[in-house]
Amino acid sequence: MRPRPGVRAFRAVLAAELLLLLRDRRALLLAVVLPTLLFPLIFLGQRWLEGASRRAMEQRTVRVACDLDGLESAERLVELLREEAPIEVLRVDASRLRVIDSGGTVSPQEREEVGRLAGGADGVLLVARRVGGEPPVALRLYFDGVNDTALQARRRADRALDAFQTELRARRAEEKIGRDPARGLELSAVDVASAADAGGALLGRILPLLAVIVLLSGGSYVALSAFAGEREAGTLETLLVQPAPAAAVVAAKFTAVLIAGLLTLLLNAGSVLLCLRAGLGSIPGSFVGVGAPAGAEGPAGLAVGAARLLGGSLVFLPAAVLLCALLCLVCGRARTFREGQFTLLPLMLVCLVPAGLASQDVDLDWLLAALPLAGPALALRDVLRGDLRLPVAAWMFAANTAWAGIALWHLARTLDTERLVQSEGGEEEIAQRSVQSRYALRWAWVAVFLVYVLGGTLQAWNLPWGIFMTLWLLLPPLALLSVRGTAGRAKESLTRALSLVRPRLAHALGAVLIAPALSTLARIVFDWQRSVLPLPSHLEQGDLLEGLTGLGLPMRLFLLALSPALCEELFFRGALLSGLRRDLGAVRCIAWQALIFGAAHSSIYRFVPTALLGMVLTALTLRGRSLFPAILLHATYNGLLLLEVDRPGLCWLAVPGLLLLTLAKPASEVRD
Amino acid sequence: MSVESGAESLAIEAVGLRKVFVDPRRGAVEALCGLDLDCRRGEIYGLLGPNGAGKTTTLRVLATLLAPTSGTARVDGIDVATDPLEVRRRIGFLSGTTGLYPRLSPRETLSYFGRLHGLEPEELQRRTEAILDRFGMREYADARCESLSTGQRQRVSIARAVLHDPPVLILDEPTTGLDVLASSAMIEFIESRRAAGTCVLFSTHVLSEAERLCDRIGVIFRGRLLAAGTLPELSQRTGKRWLADVFLELVRRGGPDPASASSAGEGGGAS
Numbered sequence: 053m054r055p056r057p058g059v060r061a062f063r064a065v066l067a068a069e070l071l072l073l074l075r076d077r078r079a080l081l082l083a084v085v086l087p088t089l090l091f092p093l094i095f096l097g098q099r100w101l102e103g104a105s106r107r108a109m110e111q112r113t114v115r116v117a118c119d120l121d122g123l124e125s126a127e128r129l130v131e132l133l134r135e136e137a138p139i140e141v142l143r144v145d146a147s148r149l150r151v152i153d154s155g156g157t158v159s160p161q162e163r164e165e166v167g168r169l170a171g172g173a174d175g176v177l178l179v180a181r182r183v184g185g186e187p188p189v190a191l192r193l194y195f196d197g198v199n200d201t202a203l204q205a206r207r208r209a210d211r212a213l214d215a216f217q218t219e220l221r222a223r224r225a226e227e228k229i230g231r232d233p234a235r236g237l238e239l240s241a242v243d244v245a246s247a248a249d250a251g252g253a254l255l256g257r258i259l260p261l262l263a264v265i266v267l268l269s270g271g272s273y274v275a276l277s278a279f280a281g282e283r284e285a286g287t288l289e290t291l292l293v294q295p296a297p298a299a300a301v302v303a304a305k306f307t308a309v310l311i312a313g314l315l316t317l318l319l320n321a322g323s324v325l326l327c328l329r330a331g332l333g334s335i336p337g338s339f340v341g342v343g344a345p346a347g348a349e350g351p352a353g354l355a356v357g358a359a360r361l362l363g364g365s366l367v368f369l370p371a372a373v374l375l376c377a378l379l380c381l382v383c384g385r386a387r388t389f390r391e392g393q394f395t396l397l398p399l400m401l402v403c404l405v406p407a408g409l410a411s412q413d414v415d416l417d418w419l420l421a422a423l424p425l426a427g428p429a430l431a432l433r434d435v436l437r438g439d440l441r442l443p444v445a446a447w448m449f450a451a452n453t454a455w456a457g458i459a460l461w462h463l464a465r466t467l468d469t470e471r472l473v474q475s476e477g478g479e480e481e482i483a484q485r486s487v488q489s490r491y492a493l494r495w496a497w498v499a500v501f502l503v504y505v506l507g508g509t510l511q512a513w514n515l516p517w518g519i520f521m522t523l524w525l526l527l528p529p530l531a532l533l534s535v536r537g538t539a540g541r542a543k544e545s546l547t548r549a550l551s552l553v554r555p556r557l558a559h560a561l562g563a564v565l566i567a568p569a570l571s572t573l574a575r576i577v578f579d580w581q582r583s584v585l586p587l588p589s590h591l592e593q594g595d596l597l598e599g600l601t602g603l604g605l606p607m608r609l610f611l612l613a614l615s616p617a618l619c620e621e622l623f624f625r626g627a628l629l630s631g632l633r634r635d636l637g638a639v640r641c642i643a644w645q646a647l648i649f650g651a652a653h654s655s656i657y658r659f660v661p662t663a664l665l666g667m668v669l670t671a672l673t674l675r676g677r678s679l680f681p682a683i684l685l686h687a688t689y690n691g692l693l694l695l696e697v698d699r700p701g702l703c704w705l706a707v708p709g710l711l712l713l714t715l716a717k718p719a720s721e722v723r724d
Numbered sequence: 003m004s005v006e007s008g009a010e011s012l013a014i015e016a017v018g019l020r021k022v023f024v025d026p027r028r029g030a031v032e033a034l035c036g037l038d039l040d041c042r043r044g045e046i047y048g049l050l051g052p053n054g055a056g057k058t059t060t061l062r063v064l065a066t067l068l069a070p071t072s073g074t075a076r077v078d079g080i081d082v083a084t085d086p087l088e089v090r091r092r093i094g095f096l097s098g099t100t101g102l103y104p105r106l107s108p109r110e111t112l113s114y115f116g117r118l119h120g121l122e123p124e125e126l127q128r129r130t131e132a133i134l135d136r137f138g139m140r141e142y143a144d145a146r147c148e149s150l151s152t153g154q155r156q157r158v159s160i161a162r163a164v165l166h167d168p169p170v171l172i173l174d175e176p177t178t179g180l181d182v183l184a185s186s187a188m189i190e191f192i193e194s195r196r197a198a199g200t201c202v203l204f205s206t207h208v209l210s211e212a213e214r215l216c217d218r219i220g221v222i223f224r225g226r227l228l229a230a231g232t233l234p235e236l237s238q239r240t241g242k243r244w245l246a247d248v249f250l251e252l253v254r255r256g257g258p259d260p261a262s263a264s265s266a267g268e269g270g271g272a273s
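Protein chains in written order, with this note's numbering: chain A, 53 to 724; chain B, 3 to 273.
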């Protein structure tokens, strides 16, 4: 029986793609083979460098100047210091330092005196200072933290001091009570984790990240040449008038990308495993968190069984499919090879974030398991470590298979000839097409920069005035300056360009009604984010606004709810969106707004909630074609968060709110 | 024109073809507005028109690359909208921007497209060898396409388009960008198809090509077919002797409203 046309086309295209890949020796060498060979070199080089610098440091003579006047058995300490050879121990007179006490900070005189006594920045100075009470003498070690030699000197001094303290303590205890009270309570830590667990835990921290990088780099070449390159070369049009279903062609091309990606991954992961097992090197220290098993760095620690590697491959499979589908999607939308290359870098960076979670101390919970890439990366880590919980794994697999399915579904429509033909045009035409959006984006980045630098400086000087000046003196002029060009090109009045038109009452009402749900959502997102990315203590909500507690409630509402609503909306949803919406579709407008509005709040901890708010406000403005609903929503949202209104019941108001927003037609034609 | 009775003998027939592109900035752009076209078997039909008139859009609709907004088009009796795959089996399509895979040889290129057309291995082998001989491509049959000259590449493209022996050939400005030698080879090839009984529909803005080759000529302007017929018929209708004058006269008569001129001109980006 003859195969069906789809199957026949799939086989023919796949064979051709693989043949084309094999023919391109240079790409094969650079993307697949070279990285594989580089790992041993990297590991060897790293090992050699580490060893060499350690040896060089240990052989270096360091200088420790000390004034141990008044210290009990000071001679013994000097003796211990001398044992840390090669070392030069100097006795100096630091009596002037004894009288200077600037507390935590170091005064210039103190610094100068230390430099003189220690004999330059290379040395360290150990001073016994007389203090009141018990113990009568305290030791202070001065060192220059940016000087490698000084740090080495400090390390040796520390070792000597440790030994000295232990001896001293034992002697004192014996004098007082005849024996060491701590005897019998000695701690000896025994790691009960099996070699497989320990090695797997270590490998689990790096392998997810490595897998994403290698898959993307290995698959990207094939994706670029199979989609963007073929389009540029003019073969795609020919291919699409052959009697082969477009979906079969896409499927074959995707399969070629997947094969190339998996092959690269296999070779690279194999190379890393072999290197580690052969003891060529160790996993970089930055990946090994506190409490990582110390013994796991040797060859014995990497005894990860084949079963675990196989399990890891299985849980990571949906991610591999998703990544390759994303590669194909990006390259399928690019008009030229070059355009595809430019889009790949952001894609790679975005994918590294969820994959990087595996190297952090983040638990695989139900929510993370459902997230694309994050779930598989964490599951891969847990499989290698040997503690993956099956229900979560099953959920992760289902959710991520669904993500991959969505990507494939979109991909099947990538080679739509209507779209391909319509988006034709030279680079000049494309540049002409996006002149408004690019202009607006330039202004937006200027604004983000100014808010960061000027706003940051002003707010550090005086928080309330700083906020006031950033909002009222910086953003509105920027909005007007930026929208002038946009309106000029579009031949519109400034108010119209800024969407300052009367909104429909339904939209204004709807905007206010969805605010409680949005603020509750923000709180949930923030709490969840805090569980993944813990907030430094000085950034806790209360402390953030500490400088404002002296102000009355009306003043705080003005500064933190009303002013941001007016000024930020004027710039972001007024001026910026005015430029963006002329060239870009709604989805891209919303994405840019999320990115820029999040970035403008210049804090990684506030990025997700503010980006989310930016998205909703953009959608609202695009829907209502008026800026006022966004201003109302922003003011209400900020007000609710400020007043700490937390009534889940109010969230139900979003239902009529959303209904009003979807059912009522836009106010007026802002777009022509 | 009698559609019912002529359907059997017509290789291509299009009735009231409309194609509207939706551009995010300009709104709807009408590239074809009710175009009628019919080509007989064994006929060489030239589509003539200025840039942006809708030539490429017409050919793309017939080659199933674009779906018509309204109207019908049949190629070898098959409707392009209902069974595009069957239409693709019956056409050979070649455009000025057609490229080749640089890392495949002519022989591999032919074999790839033959497989896409579902040719059996023995049949594919036989046809490939025959076509290599016919186009004189044997000496470079196993060199990579990236190392071939423009003329050699052009032959490979033509061979690729006729490998499956299609009853209809659709060529979009096939001589654009070719030097004298290569374009005369192309013209010879088109002429040779007449004897084979293939219908060739090609677009051009080189009037001498059309004069020399075509059995019938269709003049297309602003998405409409202004006139169609043999050169003597068109001369008679316009009272002009040379094709260039015939063409200008038809365009003069056919383009009264300046309002649509700009939209048709802009639609040129899509055609």
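Incorrect hints may have been included.
[Stated by the list, open to error] Negatives, chain A to chain B, calculated, CB over 10 Å: (1) L72; (2) R75; (3) L149; (4) G172; (5) S269; (6) T290; (7) L291; (8) Q294; (9) A296; (10) L314; (11) L442; (12) E470; (13) L557; (14) A613.
[Stated by the list, open to error] Per the computed footprint, the stretches of chain B lying under chain A, defined by three or more beta-carbons under 8 Å from a beta-carbon of chain A, are: (15) 57-67; (16) 109-119; (17) 175-184.
Quick caveat, the hints were computed from the structure, so don't treat them as lab data.
Each residue gets a CB set at the ideal place from its N, CA and C atoms; glycine is no exception.
Okay, the hints, checked on the actual structure:
With a cut of 10 Å on Cβ distances, L72 of chain A falls inside the contact zone with chain B, its closest approach being about 5 Å. Interface exclusion of R75 of chain A from chain B breaks down, the closest Cβ pair being 4 Å apart, not more than 10 Å. For L149 of chain A, the requirement that its beta carbon stay farther than 10 Å from each beta carbon of chain B is met, with the minimum near 73 Å. For G172 of chain A, the non-interface assignment is confirmed: its Cβ lies about 64 Å from the closest Cβ of chain B, beyond the 10 Å cut-off.
Distance check on S269 of chain A: its Cβ is at least 21 Å (rounded) from any Cβ of chain B, clearing the 10 Å threshold; non-interface status holds. Residue-level check failed: T290 of chain A sits 5 Å from the nearest beta carbon of chain B, not beyond 10 Å. At roughly 8 Å from the closest C-beta of chain B, the C-beta of L291 of chain A falls inside 10 Å, breaking its exclusion from the interface. Against chain B, the non-interface label of Q294 of chain A is violated: not every CB pair exceeds 10 Å, the least being about 4 Å.
Its beta-carbon lying about 5 Å from the closest one in chain B, A296 of chain A breaks the requirement of being farther than 10 Å from that chain. With 10 Å as the threshold on Cβ separation, the claim that L314 of chain A sits away from chain B holds: the shortest Cβ distance comes to roughly 22 Å. At roughly 45 Å from the closest C-beta of chain B, the C-beta of L442 of chain A stays outside 10 Å, upholding its exclusion from the interface. At roughly 6 Å, the least C-beta separation between E470 of chain A and chain B is not larger than 10 Å, which violates its mark as non-interface.
Residue placement check: L557 of chain A keeps its beta carbon more than 10 Å from all beta carbons of chain B (closest about 30 Å). Consistency note on A613 of chain A: stated as away from chain B, and its beta-carbon is indeed over 10 Å from all of that chain's, at 36 Å minimum. Counting residues of the stretch 57-67 of chain B whose CB lies closer than 8 Å to any CB of chain A gives 4, which reaches the minimum of 3, so the coverage claim holds. Under a criterion of three residues with beta carbons nearer than 8 Å to beta carbons of chain A, the stated coverage of the stretch 109-119 of chain B is upheld, 6 such residues being counted.
By the rule of at least three residues with a Cβ nearer than 8 Å to a Cβ of chain A, the coverage given for the stretch 175-184 of chain B is violated, with 0 such residues.
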